[in-house]
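Student: So the sequence lines, in the order shown, correspond to chains A and B. Residue numbering for the first sequence follows our numbering, starting at 1 and increasing by one per position. Residue numbering for the second sequence follows our numbering, starting at 1 and increasing by one per position.
Treat the hints as calculated values from the structure; they're not laboratory data.
List of simulated lysine-lysine pairs, DSSO-like, C-alpha gap at most 30 Å:
1) B:K2 to A:K41
2) A:K14 to B:K42
3) A:K41 to B:K42
4) B:K98 to A:K20
5) B:K2 to A:K55
6) B:K98 to A:K55
7) A:K66 to B:K2
8) A:K66 to B:K103
9) B:K106 to A:K41
10) A:K64 to B:K103
11) B:K98 to A:K66
12) A:K20 to A:K64
13) A:K20 to B:K42
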Amino acid sequence: GAVVSQHPSRVICKSGTSVKIECRSLDFQATTMFWYRQFPKQSLMLMATSNEGSKATYEQGVEKDKFLINHASLTLSTLTVTSAHPEDSSFYICSAAPGARGYTFGSGTRLTVV
Amino acid sequence: QKEVEQNSGPLSVPEGAIASLNCTYSDRGSQSFFWYRQYSGKSPELIMSIYSNGDKEDGRFTAQLNKASQYVSLLIRDSQPSDSATYLCAVNEGGSEKLVFGKGTKLTVNP
Numbered sequence: 001g002a003v004v005s006q007h008p009s010r011v012i013c014k015s016g017t018s019v020k021i022e023c024r025s026l027d028f029q030a031t032t033m034f035w036y037r038q039f040p041k042q043s044l045m046l047m048a049t050s051n052e053g054s055k056a057t058y059e060q061g062v063e064k065d066k067f068l069i070n071h072a073s074l075t076l077s078t079l080t081v082t083s084a085h086p087e088d089s090s091f092y093i094c095s096a097a098p099g100a101r102g103y104t105f106g107s108g109t110r111l112t113v114v
Numbered sequence: 001q002k003e004v005e006q007n008s009g010p011l012s013v014p015e016g017a018i019a020s021l022n023c024t025y026s027d028r029g030s031q032s033f034f035w036y037r038q039y040s041g042k043s044p045e046l047i048m049s050i051y052s053n054g055d056k057e058d059g060r061f062t063a064q065l066n067k068a069s070q071y072v073s074l075l076i077r078d079s080q081p082s083d084s085a086t087y088l089c090a091v092n093e094g095g096s097e098k099l100v101f102g103k104g105t106k107l108t109v110n111p
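Isolated chain A, as found in the complex (with noise of 0.2 Å):
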């Protein structure tokens, strides 16, 4: 079946520094993928929809300056938190547009920031 894969899983960083989130399409292409996050006990909210070789769009409310993405091929869609605060810390998820295999998700990458 469509495997999206996700990594990290976890990471830990420090106030201010960046980090990057790679999701990629095993054994089928995406045009579109999506990013959520996920605060605990609250259910999952889009940020963006990337579109590979061109601009994501930002949800209302997400700063496309802080959470940037890039989806420079059909199979690989990053996420970077740029100046991570504390209040970044959750759980990103990312998932791939249906297609005949209808939604997949990542495994989900838990972010901390000390």
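Following the hints, complete the assembly by docking chain B onto the known chain A.
Tutor: Same frame as chain A, but now just chain B:
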């Protein structure tokens, strides 16, 4: 504002019982409906997808969709302790591939 509403629970059922999870949505243009299971600290896992009115069965799981009432449900028969998790209802935004998630219902199946 597209909304997906779920009873947050917690819902507690004994092992072997039927667990019933409900979800309503606001966007009449939605065409795709999903139920995901999420264990603590893990990514969501697709349980069922449903696209047309009526029932869809897969093993112990049955999804029901009523577009006129903007209502989708999930029944879990013969509930097992391993079914204990948070169940997320997700609906696509009409005319879009974006998914809107409900806040989830936490289910506990007691041995």
